[in-house]
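Peer 1: For reference, the chains in residue letters:
Protein chains: 2
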Amino acid sequence: MKKINIGLLGCGTVGTGVAKILIENKQLLESRVGASLILKNVADIDIKKDRGVVFDKGVLVTDAYKVVDDPEIDIIVEMIGGEGIAKELILKTISNKKQIVTANKALLAAHGNLIFKAAYTQGVDLGFEASVGGCMPVIKSIRESLVGDRITSMSGILNGTCNYILSKSTNEGIAFKDALAEAQANGFAEADPTLDVEGIDTAHKLAILTSLAYGMEINFNDIFIEGISKITPIDIEFADQFGFKIKLLAISKNRKQGVEARVHPVMIPADNPLSNVNGSLNAITISGEAVGNIMLYGFGAGMMPTASAVVGDIVDIARNLLSGATQRIPLQSCQTENIKKIPVMPIDDISTNYYFRFSVVDSPGVLSKISGILGNHGISIKSVHQKGRKSTGSVPIVILTHLAKEFDVKTALSEIESLDIVRDKPVLIRVEENNYSD
Amino acid sequence: MKKINIGLLGCGTVGTGVAKILIENKQLLESRVGASLILKNVADIDIKKDRGVVFDKGVLVTDAYKVVDDPEIDIIVEMIGGEGIAKELILKTISNKKQIVTANKALLAAHGNLIFKAAYTQGVDLGFEASVGGCMPVIKSIRESLVGDRITSMSGILNGTCNYILSKSTNEGIAFKDALAEAQANGFAEADPTLDVEGIDTAHKLAILTSLAYGMEINFNDIFIEGISKITPIDIEFADQFGFKIKLLAISKNRKQGVEARVHPVMIPADNPLSNVNGSLNAITISGEAVGNIMLYGFGAGMMPTASAVVGDIVDIARNLLSGATQRIPLQSCQTENIKKIPVMPIDDISTNYYFRFSVVDSPGVLSKISGILGNHGISIKSVHQKGRKSTGSVPIVILTHLAKEFDVKTALSEIESLDIVRDKPVLIRVEENNYSD
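First to last, the protein sequences are chains A and B. Start counting at 1 in the first sequence, then tack on 1210, and there's your number in the working numbering. Start counting at 1 in the second sequence, then tack on 1210, and there's your number in the working numbering.
Calculated directly from the structure, the hints in this document are not laboratory data. Computed from a predicted model, the values in this text were never measured in an experiment. Glycine is no exception: its CB is placed at the ideal position from the N, C-alpha and C atoms. It is possible that some hints are incorrect.
[What the hints assert, rightly or not] Restraint ranges, calculated between C-beta atoms of paired labels, are given here:
(1) B:T1223 / A:G1333: 27 to 33 Å
(2) B:T1223 / A:T1223: 45 to 51 Å
(3) A:D1260 / B:I1233: 55 to 61 Å
(4) B:T1223 / A:E1293: 45 to 51 Å
(5) A:E1293 / B:A1480: 41 to 47 Å
(6) B:V1271 / A:N1548: 32 to 38 Å
(7) B:Q1596 / A:G1222: 39 to 45 Å
[Claimed, not checked] Calculated cross-link-like contacts (lysine-lysine; reagent style PhoX-like; alpha-carbon spacing at most 25 Å):
(8) B:K1212 / A:K1550
(9) B:K1236 / A:K1550
(10) A:K1327 / B:K1212
Make a model of the complete structure from these sequences and hints.
Peer 2: Written out as structure tokens, the structure reads:
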């Protein structure tokens, strides 16, 4: 039986999961692939730690560069993460003309253009299914299943931590910081949760998907990002009254003027399938001219689900090696010479529906002033909701709008904020009434 | 630019969709594939019909055999359907060593073993993604994305007609025959709906998926099939009271004793994601040891969604041709020599939870008699629900059970049916409390 030698760099949670599958499912993999996938070396700084996997003698090593330079190794699996040494090792692997698999979304979002170009030039394959949505086969779906279709938009819940926190807040009416503390206690959030709760991790994934879906280069900094830390129980409650749920979505739309690519909290109808994705689960809806909508749903993180996606990539590349078909599918979904430069629309230029909540002094004429300013900026009101009168302090006025342009909304809100009847900064949450349509 | 010539057999709804995509998205496909996919011939008995697609002169022909024998054609797309001429043409294509794409689930369910063997022997590829779940990439997910994982079970809504009818009945409280009539009027059901509503179409798809998921040959006749024609509004209402929805599911489980493969109406918890799949949509949950559960969701039928899946297969095979990698992936997910013979468990041997509804004479001691018989057969009752007393006629007694064996259930129900206090045949609906666990 033919052999494919694999070198694994980094044996943390997902790396260990990959090793487990390669070792424990060895026979199963052989029966499917028709070749033996051999984990020749695993490089990690800590080779003494008990990982619950039995490695043959000599498999665990400390020097990742030696693994990358080993002429007997066919596929390198980079599970180190981050943009430092991982980037160096990936580029070294590519220049050694070895195939590579990675789940490193931060690296691909920031340096994907460089890395893809290097892989293309050297004629090697680069698998990165596990970089987005864990075990959901979203990259394979875009690059292969939907190859004949024109993708028009995507909406995804791509960060389990944020979805866990928002689900907690929604179901138990607790504030962001309490839900975050609970997520941390349960291992669903990092000690420093910034990357997750501020939407950056979601944006990394959106950058990768947007580039693949529309066959374009993307500059990560062009993506508009807003996290969930300012979402309060009162807004979740209002959303519920209007038949909405609040989710942190990665949204990308292919429009005439350019591509929308944005990450922010969104109110979506409760009967949108994404509304029912709870806890740390991920899901994505991909809309295409022919398919209508497809949705994928599953664990977006975790040791074994992510490892399963990594092994899927390893096998894909092994099958290419076995049949002499490396680069059978272009890395970025379309032929390198056809990759386009499409502008990402500035957030000010996008149009959507909005939810505003103003804290105002409870006095006559307040609504007239606010609605007057909105009207002056061409923002059309769909409904207004005023809570009962209070003798002292401020009361909330909630407004839902028809389609409006973000620039107009910002201008109007800053005028309204400066009114002396308005207490606190107005709250703005974007509403996607029907994220299936364009 | 290299050229791949395609011959399309059958230009009905989906065939026309395939032609549309190949013609209208020609440039898009070239930019992704790096080769030109040329629709050289379309064979159909009716070449005069206006299909809304403009074919070049000479493309439309009546003789399918001539297309299959054309040495210039690389890939044959069989869109005729059924088990007659389609089978002949597919076998001829294979013996001509041409690649083939089909969506013909009835044919593959009945003659898959023969056809796969022929293709394997002749060294040709056979794409059949569109045979199950329309645009949902379920076959690709099983054969490729989950290649490193051991699939433990699958539960799917795989027939849009049944799901449309059940959704209608559930949401509007109308009876099966009225919902069916409406489905027919709206084009969601055929004039002869037997294949759909009796679960046969679903079972065709289940046969294909079961064979791929567990790497086994399957005999279609071993699949237990029960349709939805006996589902009544009263059972849908009871289901709702218990927090369940009724769906026609394709269920397949990989157990120690063999494989379960069955199609029948099931009560599932309302918060199971499959419960929220309404109308003509399809969805499938695949559970694996590593991935946990993934769910795919989308249009399981229809011109363009199905055509999109067909084109995905055409491109996959074209890419194999372009890189000389035909049969890169084994057709049946594992290497032919590793395909196993696993017994399909007779329905009598499976264990699940049950819902029973008995129509009984309203007199004291009835429940004691019924529960006594259930107890004698080792069937443990979870809850009993008796509707208010009626002065005349029969009243329903509803019983939910713990896990019980189908054989015991059948025996007990036939004893209960013979009691003179029991009117009508008892109603039995299987309950899957948690179709994620095994």
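Peer 1: For each hint, tell me whether it holds in the structure or not.
Peer 2: Structure-based check of each hint:
Between B:T1223 and A:G1333, the C-beta spacing of about 42 Å breaks the proposed range 27 to 33 Å. Our hint of 45 to 51 Å for B:T1223 and A:T1223 holds, since their Cβ atoms are close to 48 Å apart. For A:D1260 paired with B:I1233, a C-beta distance near 60 Å keeps the hint of 55 to 61 Å intact. Take B:T1223 and A:E1293: their Cβ atoms lie about 50 Å apart, and the range 45 to 51 Å holds.
The supplied range of 41 to 47 Å is met by A:E1293 and B:A1480, whose beta-carbon atoms lie about 45 Å from each other. Remark: the range hint 32 to 38 Å for B:V1271 to A:N1548 is upheld by a beta-carbon distance near 33 Å. Hint check: B:Q1596 to A:G1222, Cβ distance near 57 Å, so the stated range 39 to 45 Å is violated. A threshold of 25 Å between alpha carbons decides the hint, and for B:K1212 with A:K1550 the separation of about 22 Å falls inside it, so the pair holds.
Simply put, B:K1236 and A:K1550 have alpha-carbon atoms about 17 Å apart, close enough for the 25 Å limit, and the pair holds. The straight-line distance between the Cα atoms of A:K1327 and B:K1212 is roughly 23 Å, inside the 25 Å bound, and the hint therefore holds.
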